[in-house]
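Q: Given next are the chains, with one letter for each unit.
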Amino acid sequence: MSIHADPLETFREEAKEQLVVLEESLLALEEDPADQEMIAAAFRSLHTIKGSGGMFDLGSLVHFAHVVESVFDLMRNGTLHVESRIISLGLQARDHLLALLEHGDDPELQSEGALLEQAFLAYLPEKGDGAASPAAGQSAEAQSERTWRILFRPKPILFRHGANPLLLIREMEELGTILVLGFSDGIPELSSIDPTECYLAWEVLLTTTADEQAIRDVFMFVEDDADLEISLVDEVADSDLPYKRLGEILLERGDITAEALEQSVNERAFLGQTLVEKGFVSSERVHAALEEQRYVRSMRESRQTAESSNAIRVGTDKLSSLVNLVGEFVSMHANVVFTAQQKDDRDFIAVGEQMDRLIRELRDLSIEMHMVPVSGLFNGYRRLVRDLASNLGKEVRLITEGSETELDKNVIDLLKDPLMHIVRNSVDHGIETPEIRTGAGKSPTGTLKLAASYAGAHVVIRVSDDGAGMNVERIRAKAIERGVLSAESDRSEEEILQYIFAPGFSTAEQTTAVSGRGVGMDVVQRNIEQLGGSVRIASRTGEGSTVTIRIPLTLAIVEGLLARVDRNWYLVNLSYIEECLDFDTMDHENRRGYASYRGGIVPFVDMRRYFRIKGTAEKNGGQQLIVVSVDDKRVGLVVDEIQDTYQSVIKSLGRIYEKVEGISGAIMLGNGTPALVLDVDRLVRLAAREKGHE
Amino acid sequence: MIDFQVERKRDPVRVRVSGDLTFGTVEELREKLLKTMPRKGTFRLVLTDIGEFDLPGVQLLYSLCRSGESGTVTIEIDPGEAAPRIEKMLRFAGLAPISCIQS
Amino acid sequence: MATKVMIVDDSVSMRQMVEIILKTAGYEVTQAVDGREGLEKLTDDTDVVISDYNMPNMNGVEFISAVRNGLVNRAVPIIMLTTESEDEKKQAGKQAGATAWITKPVNRDNLVGVLRKVTATLDF
Numbered sequence: 004m005s006i007h008a009d010p011l012e013t014f015r016e017e018a019k020e021q022l023v024v025l026e027e028s029l030l031a032l033e034e035d036p037a038d039q040e041m042i043a044a045a046f047r048s049l050h051t052i053k054g055s056g057g058m059f060d061l062g063s064l065v066h067f068a069h070v071v072e073s074v075f076d077l078m079r080n081g082t083l084h085v086e087s088r089i090i091s092l093g094l095q096a097r098d099h100l101l102a103l104l105e106h107g108d109d110p111e112l113q114s115e116g117a118l119l120e121q122a123f124l125a126y127l128p129e130k131g132d133g134a135a136s137p138a139a140g141q142s143a144e145a146q147s148e149r150t151w152r153i154l155f156r157p158k159p160i161l162f163r164h165g166a167n168p169l170l171l172i173r174e175m176e177e178l179g180t181i182l183v184l185g186f187s188d189g190i191p192e193l194s195s196i197d198p199t200e201c202y203l204a205w206e207v208l209l210t211t212t213a214d215e216q217a218i219r220d221v222f223m224f225v226e227d228d229a230d231l232e233i234s235l236v237d238e239v240a241d242s243d244l245p246y247k248r249l250g251e252i253l254l255e256r257g258d259i260t261a262e263a264l265e266q267s268v269n270e271r272a273f274l275g276q277t278l279v280e281k282g283f284v285s286s287e288r289v290h291a292a293l294e295e296q297r298y299v300r301s302m303r304e305s306r307q308t309a310e311s312s313n314a315i316r317v318g319t320d321k322l323s324s325l326v327n328l329v330g331e332f333v334s335m336h337a338n339v340v341f342t343a344q345q346k347d348d349r350d351f352i353a354v355g356e357q358m359d360r361l362i363r364e365l366r367d368l369s370i371e372m373h374m375v376p377v378s379g380l381f382n383g384y385r386r387l388v389r390d391l392a393s394n395l396g397k398e399v400r401l402i403t404e405g406s407e408t409e410l411d412k413n414v415i416d417l418l419k420d421p422l423m424h425i426v427r428n429s430v431d432h433g434i435e436t437p438e439i440r441t442g443a444g445k446s447p448t449g450t451l452k453l454a455a456s457y458a459g460a461h462v463v464i465r466v467s468d469d470g471a472g473m474n475v476e477r478i479r480a481k482a483i484e485r486g487v488l489s490a491e492s493d494r495s496e497e498e499i500l501q502y503i504f505a506p507g508f509s510t511a512e513q514t515t516a517v518s519g520r521g522v523g524m525d526v527v528q529r530n531i532e533q534l535g536g537s538v539r540i541a542s543r544t545g546e547g548s549t550v551t552i553r554i555p556l557t558l559a560i561v562e563g564l565l566a567r568v569d570r571n572w573y574l575v576n577l578s579y580i581e582e583c584l585d586f587d588t589m590d591h592e593n594r595r596g597y598a599s600y601r602g603g604i605v606p607f608v609d610m611r612r613y614f615r616i617k618g619t620a621e622k623n624g625g626q627q628l629i630v631v632s633v634d635d636k637r638v639g640l641v642v643d644e645i646q647d648t649y650q651s652v653i654k655s656l657g658r659i660y661e662k663v664e665g666i667s668g669a670i671m672l673g674n675g676t677p678a679l680v681l682d683v684d685r686l687v688r689l690a691a692r693e694k695g696h697e
Numbered sequence: 105m106i107d108f109q110v111e112r113k114r115d116p117v118r119v120r121v122s123g124d125l126t127f128g129t130v131e132e133l134r135e136k137l138l139k140t141m142p143r144k145g146t147f148r149l150v151l152t153d154i155g156e157f158d159l160p161g162v163q164l165l166y167s168l169c170r171s172g173e174s175g176t177v178t179i180e181i182d183p184g185e186a187a188p189r190i191e192k193m194l195r196f197a198g199l200a201p202i203s204c205i206q207s
Numbered sequence: 017m018a019t020k021v022m023i024v025d026d027s028v029s030m031r032q033m034v035e036i037i038l039k040t041a042g043y044e045v046t047q048a049v050d051g052r053e054g055l056e057k058l059t060d061d062t063d064v065v066i067s068d069y070n071m072p073n074m075n076g077v078e079f080i081s082a083v084r085n086g087l088v089n090r091a092v093p094i095i096m097l098t099t100e101s102e103d104e105k106k107q108a109g110k111q112a113g114a115t116a117w118i119t120k121p122v123n124r125d126n127l128v129g130v131l132r133k134v135t136a137t138l139d140f
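Protein chains in written order, with the working numbering: chain A, 4 to 697; chain B, 105 to 207; chain C, 17 to 140.
No lab work stands behind these hints, which were simulated from the structure alone. Treat the numbers as computed from the prediction; the structure is a model and nothing was measured. Where hints are given, some of them may not hold.
[To be verified] Result set (BS3-like, lysine-lysine): computed pairs, CA atoms no more than 27 Å apart in a straight line:
{"no.": "1", "chain 1": "B", "residue 1": "Lys113", "chain 2": "B", "residue 2": "Lys144"}
{"no.": "2", "chain 1": "C", "residue 1": "Lys20", "chain 2": "C", "residue 2": "Lys39"}
{"no.": "3", "chain 1": "A", "residue 1": "Lys321", "chain 2": "A", "residue 2": "Lys419"}
{"no.": "4", "chain 1": "C", "residue 1": "Lys39", "chain 2": "C", "residue 2": "Lys57"}
{"no.": "5", "chain 1": "C", "residue 1": "Lys57", "chain 2": "C", "residue 2": "Lys105"}
{"no.": "6", "chain 1": "B", "residue 1": "Lys139", "chain 2": "B", "residue 2": "Lys113"}
{"no.": "7", "chain 1": "C", "residue 1": "Lys110", "chain 2": "A", "residue 2": "Lys158"}
{"no.": "8", "chain 1": "C", "residue 1": "Lys39", "chain 2": "C", "residue 2": "Lys120"}
{"no.": "9", "chain 1": "B", "residue 1": "Lys192", "chain 2": "A", "residue 2": "Lys158"}
{"no.": "10", "chain 1": "C", "residue 1": "Lys20", "chain 2": "B", "residue 2": "Lys192"}
{"no.": "11", "chain 1": "C", "residue 1": "Lys120", "chain 2": "C", "residue 2": "Lys57"}
{"no.": "12", "chain 1": "C", "residue 1": "Lys39", "chain 2": "A", "residue 2": "Lys19"}
{"no.": "13", "chain 1": "C", "residue 1": "Lys20", "chain 2": "C", "residue 2": "Lys106"}
{"no.": "14", "chain 1": "A", "residue 1": "Lys158", "chain 2": "C", "residue 2": "Lys106"}
{"no.": "15", "chain 1": "C", "residue 1": "Lys110", "chain 2": "C", "residue 2": "Lys57"}
{"no.": "16", "chain 1": "A", "residue 1": "Lys452", "chain 2": "A", "residue 2": "Lys158"}
{"no.": "17", "chain 1": "A", "residue 1": "Lys158", "chain 2": "C", "residue 2": "Lys105"}
{"no.": "18", "chain 1": "C", "residue 1": "Lys20", "chain 2": "C", "residue 2": "Lys110"}
Sequences are here, hints too, so could you generate the full structure?
A: This is the structure:
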């Protein structure tokens, strides 16, 4: 074969020969339906076509041949009787395959093939290939449909790089239902236009089950040639609320400034009309915002109709009770296992282990039902940011990222206040007035970003602004003044920044009406730690600050390692633990509290000393070092003994423990004794601080 | 690729354009339009036998209309038989109707 | 009207394979052995170009900038073929004005998938 012979042509020739064999065997079967030889021959020829077609990626040919082959397979093994209708269908299939070979996959052939395929599929049992019930697919879709707003602003160069926005629109259309709003208001007149540049921009509302990444993939080749903003605007969770008002939409999209809106709102006329008349925004933009309102409303209506048919609404209080009951059940189960072990009843223990698997599934399922996206939380701050900014004479744009990230509804409820405080702080103390910003060479409008993402069993929420940043020197001075930091300390800037979370720390020269209400960042930190989370701040002078909150996905149930110190039990959350080591055999220096670890050293906290428990560890040794880590800081916790892993519901702390640093909750063990949940995050931080003082 | 004919030089000035209205022709078309567009009066662009057209092409039509918004010249575009096609693309792209296109 | 694709690659087998895959997917294919021949064969009717990076005479990036700065069909979508390790070349291609890129090995799915992303006859 010469190098120029087209292998595809060869395949076509071979396939046509097979089709001749197929036709002959079908005709023979018409004469004698019982001829096993002929059924097998027909099957083989279909199989051959399917096989070699696969090498050439002839998708629809292969798929069709496969369906027909499956029916012949049923006849071959006797499940299906040969009847004249199948034979005539077979002959039609042969003609269709020939057409596919000769003309490729044109639309007309496709629809013809689809009909024929249906006829063959009818002979196959329900679970057969390609017979997946479309209804099942649809119900899954309806459950997680959300509406996204995609702002796509091409750079002028876009057209010259061969990109075509129309194709991007078509691709989005394939993901779900869309509303396309194109903006032509940036096109200049003939004398000043460069017609090879792109002056158009788009906003697309897309209602889809696809996730953010799938939407981003549409734009994968144009990301350098355009600005792209994707945000979640609506979803099932908050569909009971009325959709955003016109002004809010315009503001969110950056079409108008807060100031302009404020001025026009006060006029009390039709807002859209006033804005256009004042020249704050083009009528095209107002029209688009109105379209958005209408679109979201109509999507909600159709979704509600769809939902009522395949979902059940359950009150969140009922769900919460379910989660709590499952939690109790988990504890009860621990009790059962404990009793079984005490009695050394092997059968009982085995049953307990089987139950363990089921309970885990039940736990995961109930937690999953109780998870809601953070978008509701994030969107709740839009109004706040707008009002604050206009009170302070600032321009602030709020953008959100990863708002589809889900968290336990209880966690979200408890996060509302601390997060609000951080957002307030950013607008109040972080972002500068337009005059100052312009003077510093920044855009007059500040940006506040709320971002959420998963990190293992935690969710990380970042609040960042592009404002003035923190003044490290001032914080250092204040810390020294308050005696919490020694003047000689060589703490890193990053460490010093964290002092803003110390009680009574407020660094702004003047407290303002907005955030200076006596609630300090220390309260924020305490609230977040009560959720089992942590909060950190990073900042660069002149560039802005980022507050990072890390919180567990769920509060309801923790899984931890049970450790004993003297006669007390403590639970260490598994998600923090790096490893457990035999403390007695390790090199360690008791006075300064360091142990050698992985070729370096790790500071450790002797829990006996920390909780001021009298006495010393048993002489026979057996002390363990639990190495925990938060961010990249490691600390070892010295305990007397480690027991199994343990999962449990956390009970709120009684008053007695409220002030104990290093404890975040309590659980009830299977045998009825209580155990305290260690606040690992706090302990690590305390240890790091103490070592820093030396 | 683009055929540009000045059909009437005095007010109302009328030009007839046929061919592709695409990235490849918009620069040439712009130059010719600028050259023929009067300072005042009415300028009428008649489209006939339009082949392909794309977003740069449509963008130029918007730009032409915009030129008439502030000045003393009135712009009219007769889309000819391309009218339904242009309308279809604008609707697909979510763009507002081009104001000076005569229906 | 079938979409017209030009494949620019110095490897015979690569051109063959791309042609086979694309013909069965209903495209019309022209071949060029390097950037220079690619420039000669490029016409205003070419709907999309697929170009390799490493080629004698004129490499992929030189070819792309020649098209973008040329007179013939200069906004034609150009898909660049790169390998996993050639991120710098991909960047250079983007700089020069590549519309999209495909990481080798080339198969039907990524070829047809990317072609569909950058070119299609929309019904207007």
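Q: None of the hints should be skipped; say for each whether it holds.
A: Hint-by-hint comparison with the structure:
The straight-line distance between the Cα atoms of lysine 113 (chain B) and lysine 144 (chain B) is roughly 13 Å, inside the 27 Å bound, and the hint therefore holds. As the CA atoms of lysine 20 (chain C) and lysine 39 (chain C) are separated by approximately 10 Å, the hinted pair is consistent with the 27 Å bound. Simply put, lysine 321 (chain A) and lysine 419 (chain A) have alpha-carbon atoms about 22 Å apart, close enough for the 27 Å limit, and the pair holds. At roughly 19 Å between alpha-carbon atoms, lysine 39 (chain C) and lysine 57 (chain C) fall within 27 Å of each other, so this suggested pair holds.
Distance check on the hinted pair: lysine 57 (chain C) and lysine 105 (chain C) sit about 24 Å apart at the alpha-carbon level, within 27 Å; holds. Annotation: proposed proximity of lysine 139 (chain B) to lysine 113 (chain B) holds, straight-line Cα distance about 12 Å (limit 27 Å). Simply put, lysine 110 (chain C) and lysine 158 (chain A) have alpha-carbon atoms about 14 Å apart, close enough for the 27 Å limit, and the pair holds. A distance of roughly 19 Å separates the Cα atoms of lysine 39 (chain C) and lysine 120 (chain C); the hinted pair therefore holds under the 27 Å criterion.
Distance check on the hinted pair: lysine 192 (chain B) and lysine 158 (chain A) sit about 25 Å apart at the alpha-carbon level, within 27 Å; holds. This hinted pair checks out: lysine 20 (chain C) and lysine 192 (chain B) have alpha carbons roughly 24 Å apart, not beyond 27 Å. Between the alpha carbons of lysine 120 (chain C) and lysine 57 (chain C) the distance comes to roughly 24 Å, so the proposed pair stays at or under 27 Å and holds. Of the pairs offered as hints, the one joining lysine 39 (chain C) and lysine 19 (chain A) holds, with about 18 Å between alpha carbons and a cut-off of 27 Å not exceeded.
Simply put, lysine 20 (chain C) and lysine 106 (chain C) have alpha-carbon atoms about 24 Å apart, close enough for the 27 Å limit, and the pair holds. Of the supplied pair hints, the one linking lysine 158 (chain A) and lysine 106 (chain C) holds, its CA atoms being roughly 20 Å apart against a limit of 27 Å. Our distance criterion of 27 Å between C-alpha atoms is met by lysine 110 (chain C) and lysine 57 (chain C), whose separation comes to about 22 Å. About 23 Å separates the Cα atoms of lysine 452 (chain A) and lysine 158 (chain A), which keeps this hinted pair within 27 Å; it holds.
A hinted pair counts as satisfied when its Cα atoms are at most 27 Å apart, and lysine 158 (chain A) with lysine 105 (chain C) qualifies at roughly 23 Å. Simply put, lysine 20 (chain C) and lysine 110 (chain C) have alpha-carbon atoms about 22 Å apart, close enough for the 27 Å limit, and the pair holds.
Going through the hint list in order, the structure satisfies each hint without exception.
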